[in-house]
Amino acid sequence: MTREVGFTVTHRNYVPHSHAHYGGSLVDGAYGLGLFGDVATEMCVRTDGDEGLFAGYQAVEFLAPIRAGDVVEATATLTRVGTRSRDLDFEVRVVCRAAPERGDSAADVLDPPIVATRAKGTVVVPGQ
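Residue 24 in UniProt numbering sits at position 24 of the sequence shown, and the numbers go up by one each step.
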């Protein structure tokens, strides 16, 4: 287990069309927050051997849309280690996006990726 500031965990996910709730195949902002919960859980397991609990967000920024058909990366970066609390920076990036104007299954790799959501949060792990 490592508790070094700067340690990161990244998950990559395909956003299914069943998650689109709005026109233009938009996905609600809570989708990215759910991904943050997943990477925070893995971070706690890797740093403390426990799933931990999400205590709260200090900031959340919705910067660009997430759409059905996107491939997204969610990353958590450890920024502070307390006795039982851990501060994390989060980012969701769109790394691939559907290109329906070229065909039903067409998609593009985005270089650079689009930063869709950023947040800062705190997790708590049991005392050791």
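Calculated from the structure, these hints are not laboratory results.
Quick caveat, the model's predicted, so the values are computed rather than measured.
Quick reminder that beta carbons are idealized off the backbone N, C-alpha and C, glycines included.
Accuracy of the hints is not assured; some may be wrong.
[Claimed, not checked] Cross-link-like lysine to aspartate or glutamate pairs, in silico, EDC-like; alpha carbons within 16 Å at most: (1) K120 <-> D50; (2) K120 <-> D48; (3) K120 <-> D87; (4) K120 <-> E101.
[What the hints assert, rightly or not] Quick list of the computed label-pair ranges, beta carbon to beta carbon: (5) L53 <-> T8: 16 to 22 Å; (6) G23 <-> S85: 17 to 23 Å; (7) E61 <-> T8: 16 to 22 Å; (8) T79 <-> A106: 22 to 28 Å; (9) L110 <-> R80: 26 to 32 Å; (10) L53 <-> Y22: 29 to 35 Å; (11) P112 <-> G82: 43 to 49 Å.
Worksheet entry | Those earlier numbered hints the structure runs against, lowest number first | 1, 2, 4, 6, 8 and 11
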